[in-house]
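Residue numbers (my numbering), protein chains in the order written: chain W, 165 to 477; chain A, 10 to 85.
From the structure, some residues in chain W lie toward chain A, with a derived Cβ separation under 7 Å:
#, residue
1, ASP388
2, LEU394
3, ASN397
4, LEU402
5, VAL411
6, PRO413
7, ALA414
8, ALA417
FYI, nobody ran anything at the bench for these hints, they're computed from the structure.
Ideal Cβ placement from N, Cα and C applies to all residues, glycine included.
Spelled out from the first residue to the last, the chains are:
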Amino acid sequence: MAQQERKRFIYRTRGVCPPEIHFSIEGSCLHAVRFVGGGCPGNAELVCRLIRGRPVRDILPLLDGIECRDGTSCPRQLSEALTRAMDGGLAPADSFRLACDEAPRSAVALIGELGGDIAALERIIAAAGRRGVQALYCLGNLTDGRSSCRELVRTIHRHGIFAVLGERDWRCACQAGNGAQPSMPPRDRDRLAQMPQVLRFTIGDRCGVAFFGAYLQQLPGYSDFEPFALEMNMVCGLTDFMRDENVLPALAAMTPQFEADVIVFSQSRQWIHRQVGGRHFIGTGPALDGGRTAWGLLRAAGDKIDFSVENAD
Amino acid sequence: MAESVKVLPKDIQQLIDVHEWDMRTREGVQRFRELKARSLPSVALDGDLVYEALIPMQEELIAEIRRRHREKNAKE
Numbered sequence: 165m166a167q168q169e170r171k172r173f174i175y176r177t178r179g180v181c182p183p184e185i186h187f188s189i190e191g192s193c194l195h196a197v198r199f200v201g202g203g204c205p206g207n208a209e210l211v212c213r214l215i216r217g218r219p220v221r222d223i224l225p226l227l228d229g230i231e232c233r234d235g236t237s238c239p240r241q242l243s244e245a246l247t248r249a250m251d252g253g254l255a256p257a258d259s260f261r262l263a264c265d266e267a268p269r270s271a272v273a274l275i276g277e278l279g280g281d282i283a284a285l286e287r288i289i290a291a292a293g294r295r296g297v298q299a300l301y302c303l304g305n306l307t308d309g310r311s312s313c314r315e316l317v318r319t320i321h322r323h324g325i326f327a328v329l330g331e332r333d334w335r336c337a338c339q340a341g342n343g344a345q346p347s348m349p350p351r352d353r354d355r356l357a358q359m360p361q362v363l364r365f366t367i368g369d370r371c372g373v374a375f376f377g378a379y380l381q382q383l384p385g386y387s388d389f390e391p392f393a394l395e396m397n398m399v400c401g402l403t404d405f406m407r408d409e410n411v412l413p414a415l416a417a418m419t420p421q422f423e424a425d426v427i428v429f430s431q432s433r434q435w436i437h438r439q440v441g442g443r444h445f446i447g448t449g450p451a452l453d454g455g456r457t458a459w460g461l462l463r464a465a466g467d468k469i470d471f472s473v474e475n476a477d
Numbered sequence: 010m011a012e013s014v015k016v017l018p019k020d021i022q023q024l025i026d027v028h029e030w031d032m033r034t035r036e037g038v039q040r041f042r043e044l045k046a047r048s049l050p051s052v053a054l055d056g057d058l059v060y061e062a063l064i065p066m067q068e069e070l071i072a073e074i075r076r077r078h079r080e081k082n083a084k085e
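Start from the sequences and build out the full structure, keeping to the hints where you can.
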């Protein structure tokens, strides 16, 4: 029997505690569902376990006529989400979340693997402030994968930092509902699940993209023709994070098809800056790098892009 | 690249199967790396990387295909 296509959806709720419902449908069955970002995680998890794997048409009657507040409820919101997904009113989600820093910048801070180290982040924020940066971009892994990330996420929000999930962050965010024993509190996992995985930004008059690395290519529904997928395929697959110099001629031949002029990644945990085909490729090292607190300073001056690794200690 | 192969004479086309990989895709990148290629376009014959960063003249390509075909037949 042919395998049914699985589609993933993100429904933004109205009038209930969780701001989002994440679910996937395979054929006519609900494959997985998760209420994200609020409400009672225990009850929500139970409901999700009870209804997953069942045909959507069997689930919908169960969700009818339940009110919680303001004339709606989590079940009612899920009913609306499933109905819209089945009738085509809700488009499937892209494989990764793309965030945009809309403001053109002339100086930004690039922060590699933090591993949950808030003190290191605070040192970088202070150092970046002294250098006059206008925005900070964290490229994952933000967390250490074990302890609560509540304070870290608060710090990120308080300072208006743009952060994308690394592979470890994403694995933590996905632990809920898969039967594994998660080590991070449910609300922390929800915080991560709502964060983007790719960031689009503008430096000078150039388009930039920032992401962690190859795990994005493994996400369900990843397409080679999604926005910035070409840049990811070239960095992660072709050049091994710009470490394979042999293939740089091929990379140069592909760059005219790029959307981004500046490509930033962090999986390789090495500070790298290469210019190929008129594009800048920047790899970020970890925030704690050989006993020092390191960050990257990316600047635009006229049509020139400058990059340097800075010390925050 | 496939276009230049498509215009090969029919008797040559009968000797070969043509596969083209799209370098924008993960599959194309994987094949590129398997062949240990470095530049684009690249042409492999029987899994051997033969031409890199160039499209060979038709006569040259035909001669190489015929040579390999003869060698294979001689072995069989």
